[in-house]
Amino acid sequence: MQNIVIFGATSAIAESTARIYAERGDRLFLVARNEQRLNDIVADLQIRGAQSVDYLIQDLGELDQLEVCVAKIKDTFQRLDVVLLAHGTLSDQPACEQSLDLTLTELKTNGLSFISLLTLLANEMEEQRTGSLAIISSVAGDRGRQSNYVYGSAKSLVSTFSQGLRNRLSKQNVQVLTIKPGFVDTPMTAHLPKGALWAKPEQLAEGIVNAIEKKKNVVYLPGFWRYIMLIIKHIPEFVFKRLSL
Amino acid sequence: MSKYTSWGCYPKIDQRGVCLADKRGELPATPESFLPYGNGRSYGDSCLNAEGLVVSSQALNHFISFDPQSGLLVCEAGVKLNEILKLVVPHGWFLPVTPGTKFVTVGGAIANDVHGKNHHLEGTFGCHVKSFELLRSDSQRLLCSRDQNAEYFAATIAGLGLTGMITWAEIQLKRVPNPAIKMENIKYQTLNEFFEISKDSDQDWEYTMAWVDCIASGSRLGRGHFTRGNHAGAHQASPKASSKTLQVPLTPPISLINPLTLKAFNWAYYERQRQHTKSAISHYEPFLYPLDSINDWNRIYGRKGFLQYQCSVPETHSYDAIKELLGRIASAGFGSFLAVLKVFGDKPSPGLLSFPSPGATLALDFPFVEGKTLALFKQLDDVVVEAGGRIYPAKDAHMSAELFQQFYPNWRELEVLRDPKISSSMWRRVTQE
Ligand SMILES: Cc1cc2nc3c(=O)[nH]c(=O)nc-3n(C[C@H](O)[C@H](O)[C@H](O)COP(=O)(O)OP(=O)(O)OC[C@H]3O[C@@H](n4cnc5c(N)ncnc54)[C@H](O)[C@@H]3O)c2cc1C
Ligand SMILES: NC(=O)c1ccc[n+]([C@@H]2O[C@H](COP(=O)([O-])OP(=O)(O)OC[C@H]3O[C@@H](n4cnc5c(N)ncnc54)[C@H](OP(=O)(O)O)[C@@H]3O)[C@@H](O)[C@H]2O)c1
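Chains as they are written, first to last, in my numbering: chain A, 349 to 593; chain B, 290 to 722.
Honestly, the hints are just simulated from the structure, not real lab data. All of these numbers come straight from a predicted model, not from anything done at the bench. Treat the hints with care, since some could be wrong.
[Stated by the list, open to error] Not the full set, but computed from the structure, chain A residues with beta-carbon under 7 Å of chain B:
1. ARG381
2. ARG385
3. ASP392
Every residue gets a Cβ at the ideal spot worked out from N, C-alpha and C, and that includes glycine.
Working from the sequences, and respecting the hints, build out all of it.
Encoded structure:
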């Protein structure tokens with residue numbers, strides 16, 4: 349039986365992942381800000397077979413609260429086996445361009461909150477010398493594009509930070525997994541038209557659990573995004589800057 | 290590409306839609322009409338609303354409570370039957386009624402009042418629904434059961450999504466000694482034989498249906514394989530489900546189902562079994578859901594899509610009407626792999642517009658071929674009308690207003706309770722004056 353902690357537990361991808369662990373009879377600790385929706389999820393995961401489900405209501409943009417938040421989790425779980433960071437907002441790029449406030453808020457939600465949590469959690473994991481930190485970044489962090497560089501740069505921060513952390517914690521037998529989803533059909537992307545490249549949250553969840561088990565470092569989900577991003581990353585900048593991506 | 294499609298992909302509709310965020314959510318306040326949408330496993334246009342929106346129940350996918358003692362399950366309306374099975378089977382419970390695919394939502398199962406291979410004993414899905422919440426466009430939330438808001442309860446079961454959005458439902462599951470099925474497959478030669486075996490099986494076999502060779506004609510007309518099964522005894526070791534699923538990777542430009550492949554398949558399928566009767570213990574999945582192991586199998590019909598024709602005809606006319614229907618299909622030379630014949634029972638459904646009624650039901654898939662498919666359907670409709678039968682809205686994309694109103698004289702009662710903001714492509718088609 350494992351102790352699983354999920355930040356942003358109301359996310360569609362996170363919830364699908366939580367179900368896999370619940371069905372295995374694991375113990376879960378969920379953190380999210382929407383209390384009613386979290387209650388639905390807690391009841392559901394209990395019915396699906398979780399050994400126990402604890403939770404905390406917390407807006408993860410309130411960075412000064414995160415230390416207390418991590419401490420509360422440690423009161424419940426002495427050992428953290430899997431920690432998944434899954435919260436996020438798909439920034440409204442044109443609106444960000446007109447508002448410094450909004451840009452900074454987006455960077456806080458998608459970037460700084462991850463950095464804060466990882467900073468706190470890294471020390472716990474380092475001490476326990478075991479466990480997995482699974483961090484949902486995005487393919488959007490692989491290259492800045494005009495259509496979403498605020499979100500993309502926050503994810504890029506998360507990817508680079510977790511890469512460094514992996515380098516540090518590998519000596520302590522702690523897995524740091526950077527997850528880079530492509531397009532996923534979730535509430536975050538409900539307003540976008542869907543095509544053949546789109547994956548379902550259940551597919552993502554399977555990929556995430558699998559990558560944690562296989563002790564992977566970086567996964568693109570679904571896997572074909574590795575090749576798409578390979579191409580995108582290798583377009584020379586003098587060409588790339590002229591494209592409207 | 291829209292993600293809101295019907296299973297038959299005919300008619301082709303580029304459907305716009307939104308998701309209800311959770312069970313406390315509100316229905317859209319747009320001026321245009323909308324329609325609840327489950328998992329799009331309806332064949333025709335009953336799950337689409339070309340002139341407006343659909344409201345997907347996709348996010349309503351939580352269990353609310355499950356009592357392993359009593360088998361009472363409460364879940365949100367977007368929960369799919371496969372999820373329910375995964376949860377309840379290990380506790381000795383089973384779905385009281387299930388259609389031929391487990392990828393339908395609870396809301397969809399109620400709105401079409403679906404039936405399964407055990408209709409002759411258990412009736413429809415709606416017979417096992419104890420209560421549900423109905424969300425109306427004016428934000429009212431009606432708790433519906435046989436005692437409370439009873440008229441909405443009856444109108445919503447088989448109500449084609451028109452009375453409001455079901456947010457959650459309470460279902461009484463069924464105790465089974467074993468999820469595995471002890472089954473028999475009987476190869477029979479004539480339509481008469483089908484009805485005899487069916488009659489003999491009604492009492493002692495929970496699940497019955499037959500696959501019919503719809504190419505066979507003359508003295509072989511109606512020949513096929515009769516399949517019957519019961520849940521195995523408690524001590525029977527259960528065979529493992531195959532974890533293999535196939536995927537149809539893309540939609541070919543033209544249908545792979547044509548007279549040649551059809552003839553070859555039907556012949557081979559009929560002849561696959563040498564002996565008269567074959568018995569086996571089967572996992573429930575291949576027995577109840579033989580098609581679910583091929584993902585997106587509807588794509589084999591090509592870009593033009595396909596239609597299903599499912600009708601029922603009353604007991605007294607069953608033999609003659611089915612014979613006539615099969616005759617017309619065979620002489621059109623234009624049938625399908627999947628022709629299914631079953632005799633319904635007489636357990637009444639609480640649903641106002643429920644499709645099953647005592648008698649026989651025949652269901653077949655046809656590729657859409659310009660000028661051909663609908664012409665054949667017209668010929669089949671004549672037989673159904675003559676026999677006093679009806680067509681199943683969940684599978685339909687062609688029924689005229691005149692026929693629908695004749696088949697379902699209660700439709701005006703549903704129209705009165707219909708949510709004024711809700712409509713569907715089918716409803717507009719079948720209620721035209
Ligand atoms: C392979 C296959 C085999 C099948 N076998 C059978 C069978 O044996 N017996 C049988 O009866 N049917 C059968 N069907 C048909 C299928 O069971 C029905 O069409 C079913 O209603 C589909 O459910 P869905 O969740 O996909 O709903 P959809 O097809 O999306 O919607 C169906 C109807 O339900 C309404 N609806 C959906 N959700 C809600 C909600 N939350 N509140 C109110 N209304 C709602 C919609 O408005 C629509 O009118 C089969 C279909 C397939 C593809
Ligand atoms: N969907 C995609 O295509 C895609 C692609 C690449 C990466 N991702 C990443 O995948 C992760 C999961 O997203 P998803 O697709 O599952 O979308 P989602 O269902 O919309 O989930 C996002 C979740 O983050 C929560 N959240 C946002 N801000 C928060 C805050 N300040 N405090 C606490 N919770 C907050 C939201 O909670 P509320 O419900 O309370 O708002 C929501 O539950 C995100 O990190 C996202 O960036 C998604």
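Hint check results:
no., hint, verdict
1, ARG381, "violated, 14 Å"
2, ARG385, "holds, 6 Å"
3, ASP392, "holds, 4 Å"
Against the hints set out earlier in the document, a violation occurs for number 1 only.
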